[in-house]
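Enquirer: Position 41, counted from 1, in the sequence shown is what full-length UniProt numbering calls 41; the numbers after and before it change by one each time, with no gaps.
Since the hints were derived computationally from the structure, they do not count as laboratory data.
Please note: incorrect hints may appear among the correct ones.
[As the list claims (entries may be wrong)] List time: in silico SDA-like cross-link candidates among lysine to any residue, alpha-carbon distance up to 20 Å:
#1 K28 <-> K40
#2 K35 <-> M25
#3 K35 <-> K47
#4 K47 <-> S36
[Stated by the list, open to error] Ranges of calculated distance between the beta carbons of each label pair, as one might list FRET restraints:
#5 L50 <-> D30: 24 to 30 Å
#6 D27 <-> N49: 31 to 37 Å
#7 N49 <-> M25: 21 to 27 Å
#8 Q46 <-> L26: 25 to 31 Å
This structure is a prediction, so every number in the text was calculated from the model and none was measured.
The beta-carbon is built from N, C-alpha and C at its ideal position, and this holds for glycine as well.
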Amino acid sequence: MENKKEIKDQEKQKPIEKSKSLVPMLDKEDIETLKSQLQKYEDLKQKYNL
Numbered sequence: 001m002e003n004k005k006e007i008k009d010q011e012k013q014k015p016i017e018k019s020k021s022l023v024p025m026l027d028k029e030d031i032e033t034l035k036s037q038l039q040k041y042e043d044l045k046q047k048y049n050l
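Produce the complete structure using the sequences and hints provided.
Expert: Below, the structure written as structure tokens:
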């Protein structure tokens, strides 16, 4: 019975680990790319008054 409980506890912890690992996947280059895309979007938005 104890083994089953341990396995369930481990399964509960897995989703938390997954969500934490999503953030570091963005390296500096990705962040810079996103920033430049955002800047282009903002410029277009102002240009066309959206």
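Enquirer: Next, verify each hint and record whether it holds.
Expert: Each hint, compared with the structure:
Between the alpha carbons of K28 and K40 the distance comes to roughly 18 Å, so the proposed pair stays at or under 20 Å and holds. For the given pair, K35 sits about 16 Å from M25 by alpha-carbon distance, which is consistent with the 20 Å threshold. At most 20 Å may separate the alpha-carbon atoms for a hinted pair to count; K35 and K47 meet this at roughly 18 Å. At most 20 Å may separate the alpha-carbon atoms for a hinted pair to count; K47 and S36 meet this at roughly 16 Å.
Separation of L50 from D30 is about 26 Å and conforms to the stated range, judged on CB atoms against 24 to 30 Å. The hint said 31 to 37 Å for the Cβ distance between D27 and N49, and at roughly 35 Å that hint holds. A hinted range of 21 to 27 Å is violated for the C-beta pair N49 and M25, which are about 36 Å apart. Q46 and L26 have their C-beta atoms about 26 Å apart, which keeps the hinted 25 to 31 Å range intact.
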